[in-house]
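We have chain A; now place chain B onto it with these hints.
There are 2 protein chains.
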Amino acid sequence: MQKIKLGILGYGNLGRGVELAIAQNDDMELVGVFSRRKPENVKTALAGTKVYPLDTMNDFVGKIDVMILCGGSATDLPKQTPECISKFNCIDSFDTHAKIPEHFAAVDAAAKQAGTVGIISVGWDPGMFSLNRLYGNALLPQGKDYTFWGKGVSQGHSDAIRRVEGVADGKQYTVPVTDALDAVRAGKNPDLTTRQKHTRECFVVAKPGADLARIENEIKTMPNYFADYDTTVHFISQEELDRDHAGIPHGGFVLRSGATGVNGETAHVIEYGIKLGSNPEFTASVLVAYARAAARLVAHGGKGAYTVFDIPPAWLSPKSGAELRAELL
Amino acid sequence: MQKIKLGILGYGNLGRGVELAIAQNDDMELVGVFSRRKPENVKTALAGTKVYPLDTMNDFVGKIDVMILCGGSATDLPKQTPECISKFNCIDSFDTHAKIPEHFAAVDAAAKQAGTVGIISVGWDPGMFSLNRLYGNALLPQGKDYTFWGKGVSQGHSDAIRRVEGVADGKQYTVPVTDALDAVRAGKNPDLTTRQKHTRECFVVAKPGADLARIENEIKTMPNYFADYDTTVHFISQEELDRDHAGIPHGGFVLRSGATGVNGETAHVIEYGIKLGSNPEFTASVLVAYARAAARLVAHGGKGAYTVFDIPPAWLSPKSGAELRAELL
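Here the protein sequences line up with chains A and B, keeping their order. Just so you know, we're using the working numbering here: the first sequence kicks off at 794 and counts up by one. Just so you know, we're using the working numbering here: the second sequence kicks off at 794 and counts up by one.
Just chain A, with the same shape it has in the complex (with noise of 0.2 Å):
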């Protein structure tokens, strides 16, 4: 068998994530990791992975099946998607939902003039929880849609904290609240305000010195980022945080609430919910995944851009329909 030729663009904690996930697949090979950075200055997880220069990937043409695109959403992956693809199939994780429909239109019409095809939006939030909400929807078309983050670390909230003057260093964990998690799943189909439904807790590390009440009262008011939740700040030492908050745990849960019968009488709820060890290597595992289909989409002649309500489920696997049907269906 022809093994699936996979290249990756950017090597953060998703681009590591990405090669280890390859590496789990035995119809997949990684050509190579293209990074801004010198190739010597790039230290990958695994000893085989070769490193190039960003400038070297036109080089690659016609020997990668498909890119997996793992920038980041604000910035580069706008411009990185629709260039990449005039000559790659690509995956990209674009995740600011706002402007998906913008992304997927500039990367649908690179792909249809190369001929290439793009699956854009690929993870668990957009990706995984979308499918949820659209399986959800089409099931049951008269409920209510949940969906729930964490318990699990916001990049974007950690980021906000370490801006407060006198942090040295902090991390923010978005925790849904349980009372609100429990009326969804009891059926009562709860009106839930953004306080109701999650809570926020950061873990800071303050300069010496530093005014302690200060920094509380400006994280928890911070407007957008904290304001409009209820906050919990604890101060730790540097070690306390290298210690305990080094990973990157994340999850959620999508809900379905529907009612069926003569007259809406019979209650029903669909839960998903994922617990992960690390948000970002899991977020590899499903661009993988969908790398896989990307290659069958080629196959069967697709053109521009796709998402993964898109994408047929089988595509995602190794097996044969007929292994599928009859494994695990």
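One or more of the hints may lead you astray.
Chain copies aren't distinguished; within one or between two, either way the pair holds.
Result set (BS3-like, lysine-lysine): computed pairs, CA atoms no more than 25 Å apart in a straight line [unchecked claim]:
#1 K937 - K1112
#2 K1112 - K1096
#3 K872 - K856
#4 K1112 - K905
#5 K892 - K1112
#6 K990 - K1096
#7 K843 - K856
What the hints contain is simulated information worked out from the structure, not anything from laboratory work.
Just chain B now, with coordinates in the frame of chain A:
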């Protein structure tokens, strides 16, 4: 917009559920129910529903886009689906897992000859649970699968109880073992025996003067059905059974526990769970969503047999790709 025209073949609990589910979807219309019984003996859930004799079905060729088969898997569907598909696009909920490959082959051959499409084994298990096993395996290739059923009514086990001498009526609930479920959720990857995963709870109405101890013993030691489980038997009155156990609730959980990282050091758990007020009404809702997908499949030139694994999730929804990306991605 042209509505999708649907037919229902077979009118029991499932057919009734399909009738109700179609009424929840504005892009569909129910042409009629086809039944072995005389139309005047079929009492439909909704006033406007038309009922036709089974042998008039062929008069509807070209007037029904998709026929939804609501017969049983033991004797009805193995004959009905391959027959019906020679005239109509079909959806069924064939759920004898071991015989799916055989049923698929029969439906596929007949559909390819007729130029129609069939989506088989649609529901929740097989169906939504299968999809979640597939997604879980594809995303976390190094991992373990767990499926728990319940708490819910098992028709087969309830029938088995009622065949015991001295039993007037009875109902059986399959109950997942909380400790086992919690161990899986905690990422402990336990190896679980049949007995460790589920218990069976029986509510039995004994005939007057029957030997209760013998009935209880016969149930608990019944091979295949109860002998491999911890079973509880409650004797209650017919009034209590009718009052407290009239519903057909069900549900369950599909979990995938897996590891990523350089040495599998990062643990992840994915869980899909459903709590259904009515097993047949939910199964019906799944069938109806896949009937929409079957209509799309026809529009895309599909021919032959398919399963939930082959269907792009977007096809289940009445919304356009642009709407789905803007609202649910």
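Going through the hints against the structure:
In this homomeric assembly, K937 and K1112 come within 25 Å of each other (Cα to Cα) only across copies, at 16 Å, whereas the closest approach inside a single copy is 35 Å. In the homo-oligomer, the alpha carbons of K1112 and K1096 lie at most 25 Å apart both inside one protomer (24 Å) and across protomers (22 Å), since each shortest distance falls under that limit. In the homo-oligomer, the alpha carbons of K872 and K856 lie at most 25 Å apart inside one protomer (23 Å), although the nearest pairing across protomers, at 50 Å, exceeds that limit. When the C-alpha separation of K1112 and K905 is checked against a cutoff of 25 Å, the pair qualifies only between copies, where the shortest distance is 23 Å, while the shortest distance within a copy is 29 Å.
Only between protomers do K892 and K1112 lie at most 25 Å apart by alpha-carbon distance; the minimum there is 19 Å, versus 34 Å within a single protomer. Proximity of K990 and K1096 under a CA criterion of 25 Å is satisfied in neither setting, with 40 Å inside one chain copy and 46 Å between copies. Proximity of K843 and K856 under a CA criterion of 25 Å is satisfied intra-copy only: 14 Å inside one chain copy versus 60 Å between copies.
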